[in-house]
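Colleague: Listed here are the chains, written in short residue letters.
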Amino acid sequence: MKKSKWKRKLGKFYGMLGNGIIGFFDIFLGSIQKLIGLKGIPYLFVLPNLLIFGIFILYPMLLNFFYAFTGGTAFFPEGRPYVGTANFERILACENYLQPNTCQEDLFWRSVYNTIFYVVIQVVLLILVSLVTALILNRNIKWRGFFRSVFFYPNLLSPIVVGLIWQWILMSDGVLNGILMNLGFDRIPFLVNANWARFWVIMVSVWASMGFYTLILLAGLQSIPSDLYEAASIDGASKWKALINITLPLLMPTMIVAIVLALIRAVQVFEIVFAFTGGGPGTATMFLVQYIYNYGFTSPNRQFGVAAAASLLMAGVLVVLTLMQLAAKREESY
Amino acid sequence: MNRILEYLTRRRGKKKLNMSDFLSYFYLLLGVLIMFGPIVWLLLSSFKSSIEINRFPPRFFPYQQKTIMVDGYDEPLQLFEVMLEDGSTRELAQVRRIGIEAQMIDPENPEDIIKINIDDRSPVEYISFNFDNYTTGIDSFSFGRYMRNSIIVTVSATLLTLIINSMAAFALAKYKFPGRKPIFLIMIATLMVPLSVVLVPIFLVITNVGWNNNLLGIIVPVAATPTGVFLLRQYMLTIPDELIDAARIDGASEWRIYSQIILPLAKPALAVLAIFSVMWRWNDFLWPLVVMSKPDLFTLQVGLASFQGEYTVEWNLILAMTVLTMLPVTIIFAFLQRNITTGIATTGIK
Chain P
1 MKKSKWKRKL GKFYGMLGNG IIGFFDIFLG SIQKLIGLKG IPYLFVLPNL
51 LIFGIFILYP MLLNFFYAFT GGTAFFPEGR PYVGTANFER ILACENYLQP
101 NTCQEDLFWR SVYNTIFYVV IQVVLLILVS LVTALILNRN IKWRGFFRSV
151 FFYPNLLSPI VVGLIWQWIL MSDGVLNGIL MNLGFDRIPF LVNANWARFW
201 VIMVSVWASM GFYTLILLAG LQSIPSDLYE AASIDGASKW KALINITLPL
251 LMPTMIVAIV LALIRAVQVF EIVFAFTGGG PGTATMFLVQ YIYNYGFTSP
301 NRQFGVAAAA SLLMAGVLVV LTLMQLAAKR EESY
Chain F
1001 MNRILEYLTR RRGKKKLNMS DFLSYFYLLL GVLIMFGPIV WLLLSSFKSS
1051 IEINRFPPRF FPYQQKTIMV DGYDEPLQLF EVMLEDGSTR ELAQVRRIGI
1101 EAQMIDPENP EDIIKINIDD RSPVEYISFN FDNYTTGIDS FSFGRYMRNS
1151 IIVTVSATLL TLIINSMAAF ALAKYKFPGR KPIFLIMIAT LMVPLSVVLV
1201 PIFLVITNVG WNNNLLGIIV PVAATPTGVF LLRQYMLTIP DELIDAARID
1251 GASEWRIYSQ IILPLAKPAL AVLAIFSVMW RWNDFLWPLV VMSKPDLFTL
1301 QVGLASFQGE YTVEWNLILA MTVLTMLPVT IIFAFLQRNI TTGIATTGIK
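Those protein sequence lines, which keep their order, are chains P and F. What the first sequence shows, in my numbering, is residues 1 to 334, in sequence order. What the second sequence shows, in my numbering, is residues 1001 to 1350, in sequence order.
For reference, chain P alone in the conformation it holds in the complex (with noise of 0.2 Å):
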């Protein structure tokens, strides 16, 4: 009884202390509004998500342009000299692209090669997986929601966490080796050879963020009607051939929107494996965002200017993927 009164005070208590807030804010921008008139409203509304966004994203982005066609090693904008596009010539100077060793920036173009064999393994992988998984998931499945979670949950772990529970595992000393060696096998080096180590990147990427590709394809699986079935299984189309002829061309505009997806976050790979194996073994597993980060807050001479130039060379590739994804948004929703 007591309780309950106290829980009515205190709701009466954070009632009013709200309105007090929206009260005061209520005489302070009621006259602010008279002011400016009923026109200008709409401006002071988006203004303080505008400021932030301006200064800390948008002005940033202009300021990439001014550092990428200067050089130097200043970090503030007066100490650094206009070179052109020095920046980019350096970047792109190759006596042939596909031995990295015969370029200027070598790393640069490691890192490159790196990615795209990244890109294009793990987004592979990923959306396969991702489409068995939802597949089953949309099957008439006991405890669906709970294995929707379980696939969903390492979705939530930060990067840092997915490196070292990966690490943790697959150290030459881990549980992994320990499984290999009861099961007669030898130890393998999976974090010291190179491709192993490409090989657990992409793996243990898969794993982080499959769950989040399961639940997009999942939801695209459940909006298509039921009905289609029933009819072509009155025409007596097998399930394999519902499922080549009805549920793959249905679900094509949502699988295009997760491959995209998919890809845009694959050209920016960096937290996990920064965190898993530091881009190594050697450069093994350096990819375009850690080539910036380096050359931006690592190595000893910081380049900025090769640095913006990348990033530069980078958000164009992202731009055309972003479009393609616009442009499939727009399909799905026809």
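Calculated from the structure, these hints are not laboratory results. These numbers come from a predicted model, not from an experiment. Where a beta carbon is used, it is the ideal one built from N, C-alpha and C, also for glycine. Treat the hints with caution; some may be incorrect.
Chain P is faced by these chain F residues, among others (derived, beta-carbon under 7 Å) [said to hold, decoys possible]:
#1 1067
#2 1200
#3 1254
#4 1305
#5 1306
#6 1329
Quick list of simulated restraints, FRET-style, between CB atoms [said to hold, decoys possible]:
#7 F:1296 x P:78: 27 to 33 Å
#8 F:1214 x P:203: 35 to 41 Å
#9 P:144 x F:1213: 43 to 49 Å
We have chain P; now place chain F onto it with these hints.
Modeller: Okay, now just chain F, sitting in the frame of chain P:
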């Protein structure tokens, strides 16, 4: 037996499970193993002592050696199962070890010292979940401070995001004003360029504002999320304009319309954005890494990454801190998993 099998495989609609159902469940169970296995392993490992954690091949459960207090010795002695020369085994406590020789005593009869080869004894162990890693980890890693920073950043950035995003979304959804389209388009356009690409110039701006090594530097810049504005605007478009017109006729100011009509009606969308924002900010890594150089101001994620370099061997402590770092999001997910999964499925945002 057959009837049990029949009962287990019975289900709605169709009479029996067929082959493809079995395959489906097999796939899903395998999925549970792969998805949760690493987490369970992390959890179990985090309770292991530093000796146990460096053991190879590792054992599944955290074990601890049994110790016993014996009269005449101040410290508890470790218990071993010893194979004696006559072939019998006895539980003896170890007094000291010299090279390959161990001096053992019988706890019942502490006077006689039995000397044996260390290969003839094996420790007596029991499964024990040991919280030492958590307590020492929290003490020695200034974990409490990182936790505090993370909570401050997550809570204040989320509140700020909710307020300014909802205001902007309200204006973009419910007013027709010159400049509306360009503002919206620019915001959508910047969705495609990730923060990681413009790190250097943002760092310059932060430096000019004087916010490096200041928590504001990782709260404010990320608060104006275009994703949030987009999400809220799409939701507010579904709120009928008639409500607003009616309130205006009653003499309500635009601020009152926003705070007392639009916000309560947009609660579902605000809740989704709040959950996302908490996840984003809690897990942010790259941005705090760049802005913060003073260890006092590290967030959990940056702190965790820095332990890794500092204490490469102390995996037991690192794993315990990893578990603590993922605990809050895990709890949120456990309670709100339905909202989260449907929110993502309908908006396509993560």
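Colleague: Now look at each hint and say whether the structure bears it out.
Modeller: Comparing the hints with the structure gives:
{"no.": "1", "hint": "1067", "in the structure": "violated (26 Å)"}
{"no.": "2", "hint": "1200", "in the structure": "holds (4 Å)"}
{"no.": "3", "hint": "1254", "in the structure": "holds (5 Å)"}
{"no.": "4", "hint": "1305", "in the structure": "holds (5 Å)"}
{"no.": "5", "hint": "1306", "in the structure": "violated (10 Å)"}
{"no.": "6", "hint": "1329", "in the structure": "holds (5 Å)"}
{"no.": "7", "hint": "F:1296 x P:78: 27 to 33 Å", "in the structure": "holds (31 Å)"}
{"no.": "8", "hint": "F:1214 x P:203: 35 to 41 Å", "in the structure": "holds (39 Å)"}
{"no.": "9", "hint": "P:144 x F:1213: 43 to 49 Å", "in the structure": "holds (48 Å)"}
Of the hints listed earlier, those the structure fails to meet are numbers 1, 5, in rising order.
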